[in-house]
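Here are the chains, one letter per residue:
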Amino acid sequence: MSLFGIDLVLLLATTVSAGTPVMLATLGAIFNERSGVLNLGLEGLMLVGALAGFAATNSSGSVWVGVLAALLAGAALALIHAFFTVTLQVNQVVSGLALTLFGTGLTAYLGRGFIGIRTPDTFNPVVIPLLSDIPLFGPILFKQDLLVYLSIIIAPLLYLYIYKTRPGLQLRAVGESPATADSMGISVAGIRYFYVLIGGALAGLGGAYLTLASNPAWLENITAGRGWIAVALVIFAGWNPLRAILGAYLFGGMEALQFSLQAAGNDLPLFLHDIPSFFLKMLPYIMTLAALVLVEWRFKVSKKQSNAPAALGLPYIRQEKS
Amino acid sequence: MNETELAVRLVNVTKRFPGVTANDSISLAVRVGEVHALLGENGAGKSTLMSILAGLYQPDEGQIFLWDKPSHFRSPADAIEAGVGMVWQHFKLVPNQTVAENVALGLHHPRFGLGLKAVEKKLAELSAQHGLEVKPTALIRNLSVGEQQRVEIIKTLYYGAKVLILDEPTANLTPPEASGLFKAMRRLAEQGYAIIFISHKLDEIGEVANRATILKAGKAVATLPIEGGEAEKRKLAALMVGGSTETSLEAPLSDHFHLSTKVLLAAKNISVFNDQAITVLNNLSLQVDQGEIVSVVGVAGNGQRELAEALAGLRRIESGRVYLGDRDLTNKGSRLISRLGLAFVPEDRLSMGSAAGLNLEENFILKSYWQSSLKRGPFISWGKARQQLAEAVSQYDVRVGNLKAPARLLSGGNLQKLLLAREIGSDPKALIVANPTRGLDIGATRYVQNRLIQQAESGTAILLITEDLDEALALGNRVLVLYRGRITGELPAQTARQSLSQIGFWMTGARAKAKDEG
Amino acid sequence: MGKSSNKKQSMSDKNQPKNILISESQDSKMPPPPKSKPRVASGMLIRIGLGLGVPLLSVVVAFTTVGLVLATTGKDPIVVYGEMYRSAFGDENALADTLVKAIPLILTGLAVAIAFSARLWNIGAEGQFFAGAIAASGMALAFDSVLGWFILPVMFVAGIIGGALWALIPGILRAYLNVNEIISTLMLNYVIILFSDYLIYSPWRDPQGFNFPLTRTFGDNATLATFGDSRVHLGLVFGIVAAVIVGLILSRTTWGFELKVMGDNPTAARYAGINITRNILLVMAFSGGLAGLAGMSEVTGVVHKLQQGISSGYGFTAIIVAWLARLNPWGIVLVAVLFGGLINSGYAMKGIGIASGFVTLIQGAVLFFVLAGEALLRKLYYKQDLKRILSTAVLGRTPAREEVAQ
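Chains as they are written, first to last, in the numbering used here: chain C, 5 to 326; chain R, 1004 to 1521; chain G, 3 to 408.
Worth flagging that the hints you see were computed from the coordinates, not collected in a lab. We put the CB at the ideal spot given by N, CA and C, even for glycine. Please note that a few of the clues may not be correct.
Okay, the calculated bits of chain R under chain G, using three or more residues with CB under 8 Å as the criterion [unchecked claim]:
(1) 1351-1362
(2) 1377-1384
With a cut-off of at most 30 Å between alpha-carbon atoms, the simulated DSSO-like pairs for lysine-lysine come out as follows [what the hints assert, rightly or not]:
(3) R:Lys1124 / C:Lys168
(4) R:Lys1125 / C:Lys168
(5) C:Lys307 / R:Lys1335
(6) C:Lys307 / G:Lys262
Please work from the sequences and hints to get the whole structure.
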């Protein structure tokens, strides 16, 4: 199937893989923010995960070691954020910004030696028998790499975890009303630390997808704002893991479209000819902003309130009396 | 069951905070099957003592015995485990979760799943057994205050509490809700629970308690059996207040009269939405004469906040009009409205009435910084601001150390005095005050109430929106009852004092219903 | 209360350790407030401690930590830092270059600070810098041969307007739709930088430029004057004048007061009748205008053309500068010079084989340690608040005792 020289199946398949890193980071951030801690450090976390995954794969020769390294590196950097926001109770916005700056600088500094190297091992498509033969859906969804499958499985699992399990109930209580959770003997600080670390690990994995699957190489600032887009997608998704899939593929779609339009060149109808690539590259950012505007506009029209966790961004200080 | 079996025994419990001994060697015994009232003024140490029993604080000295077993609680969870359940005045509930989820939050089994079905079933059983009606699948944020309180009580029962502590449980209830609660309390006591009931309302204690322990300035003054009657009330009051001269409990307020019939503030058929675009004020009308105090009473959440905000220009009025004298104030914007002479002291002193991180000078000129008397060109004249503040501070007896200190450091009473000084200082024609004495100690409460009366006597029309019925009756010339955004009843204050049950009915919407049916 | 309170005060005085933080609370016991000297002095000490001590210590600790990173990656931190110092402040040339780098930092730092004062998280100073640079460059490319000396005022205004308009987009979205300004300003950063790339790759590319992505060099009349033969240009004056103006606005004007109230408590601002929507638009425009001016002064004062890499991440560094200076305009000028030196030394670092990310790394670390320092100091300060409350409690004032019980 193709339209004006754009292979639609390829477009959608690219959408899925381009959306995957952002989805992983968004899912991590949903966890993170559900506990009441805002994390604007996603960009830095993704970068650190990307570099750690790349470097570990390089030295070990196995992407799985890389995945592990990315998870650990993301969690380690997130630990700083947890310490600052939960223990020191500093402004969460500024701590997140510092995290991004720190991660950006650290990876640029440490990653210099890795520029121009290819990894010995990458994530390659794993064709799932039978399922991949389904027309249309097969090639789009079932000829992807393992991390894509993982992300598709994780999202609904996280949904179930958050809404249907005891740890999920506790997580929601801490993000909605930490004082209540505290009075129930739930450790607010413990839960927040835990999910900030989990969020960091998932963001790190999202970053590693870029260097181990999308484009197996390290470049400075390889994330190119995907961490920030994930921050926006959390709002777009209303802190709901299932809607994060939609958001991430929307972003992936924009990125895929940008490639396809560039590739299609003169097969396109005349009005699409010669769109400078710079404008195509703006697409994901503009669409992210547009999606956010749409969400807020709908809240404005329906007069409903956002479903952000009620304690998001607020440090928890135990009140001595009730 | 032994009549005098003791459920709780506190022996010489002492708790010190830096500089203050909140509990000074207090001993207290609570029997199985009794409702034991803990009586005392604000700051007498009731809440601290119960926080110790509930495991929130650890005592510096003294011991706790439950059924004669020495007990040490390191956390509220320990206390719950031992069978002590506390219902705080501010509920500990997650608004965005259901009743059953809130209960499940405090359970440990099953480890990973929720077992909500089982929780819901057991909740329904408990609910029937104790006559505490709750719907397990309801979202907390959709429940009334009374319903949420039932959830809190049933939650502690679910966790196996045998000793129940209720912290000023009637503070936000309507009279019918309160008597429903008392019924439930007595029923629980009969079933063998021990109930500790924190209050400073003598009528309630006469109605529900078997015995009462009176605390004063951190010490237990006496424990008495309660039989009811006026003489007993006077005795309790005397014990509670003791030799203090600055407060007397009955404290008759100088009944002030207003003679003018000139209407100053009038709302005519106003309708207003809340933040969720739901109509919360429905065709409401009221008027306040020059020099009159009109009290608006009602259970929290019946449109009080929106009424004050709409009149003050902070919320859009969808239909109807508001007048100050002859001037139409409807949707005129808060700046213009305050300029025309309508002042407003909001209920949330820290979150609306002041910018808590800014200093006292800055907070004092919050509503007047743009006036030419405080300005030179685009610049604020801080010298003049300082001077005005210094005058107000001495005139209103605001006790502060440092005028550059952030407002959040002021005690509730001093902050309220500062806000009153600011609002009254603008010499308003009309003044709206919302819960002006909530959270204040008796001294500050009297001060604020007297100031309001003085202001009315000097001709200001005052609309007093309050959840404290006593205050409404003591200050108001007239009392209006607000229920679901309508005025359901109105009485002159003197009549109202004799017709509390009538007011109670109005607060639960009696007339509104009659109207709907008719 | 007079007599007994004095007695109790003198009693408690004996128990007080000698500590500046506590001495303030003692004075606060005396109502009504006499303007006593000790309190003012200790208040100043606290402010100086907050304003200088904490940031300084934070910077020292940050450099130490990064030094450890250096050491573990096989570089001698002492050598590296020595080289950095030489290249930033070592001689007149180095100092001049540092000042040149400080100019855009002062302007963007002020831009960020005024927005932050109103609790608007404008993270888009980088983008607004580019918008200003593009607008100013457009004027130069179109009119530098026809307007004579007048081209500079035109570029000045164009730079401000360019930055202001670009910042107004997130401003409008925030004011009317409550769209999170952090995300919108960030997204727009990427957009405007791509747009700038487009301009220098296509329509504005210099035909005589050997196909490099840059515009032609502006005419001499579209170039800012420099001080003597140094590279320090008139932008320094823009920065200092802007600092004066922002300082006056925040501390003395009614508008600045409104911004502070909005920043502390938006509900109280609404209650006070402050027009929040209008102020969001005004602050964003003002903030963007300052960042745009930074972009203008950079293309006219330093690069003399539009090309890639006209910003060394000034808009982001500005956030740290503003925070480190605790949003104080004069502090921003000072910190901007230090960070100008840091960025300046980054170029020298490449010479000794250290990646450019090194400077960003230090910046992130500094911001973290400043935050940590503030948090620790706040804890101390809160203790002092508590002491203040307690000391009044000793006088037997019930309100204070209630607060303790709470």
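Structure-based check of each hint:
1. Counting residues of the region 1351-1362 of chain R whose beta carbon lies closer than 8 Å to any beta carbon of chain G gives 9, which meets the minimum of three for the stated coverage.
2. Counting residues of the region 1377-1384 of chain R whose beta-carbon sits less than 8 Å from any beta-carbon of chain G gives 4, enough to reach three: the coverage restraint holds.
3. A distance of roughly 18 Å separates the Cα atoms of Lys1124 of chain R and Lys168 of chain C; the hinted pair therefore holds under the 30 Å criterion.
4. This hinted pair checks out: Lys1125 of chain R and Lys168 of chain C have alpha carbons roughly 19 Å apart, not beyond 30 Å.
5. Taken as a hint, the Lys307 of chain C and Lys1335 of chain R pair is honoured in the structure, with Cα atoms around 23 Å apart against an allowance of 30 Å.
6. Taking the CA atoms of Lys307 of chain C and Lys262 of chain G, the gap is about 28 Å. The hint holds against a cut of 30 Å.
Hint violations for this structure: none, all hints satisfied.
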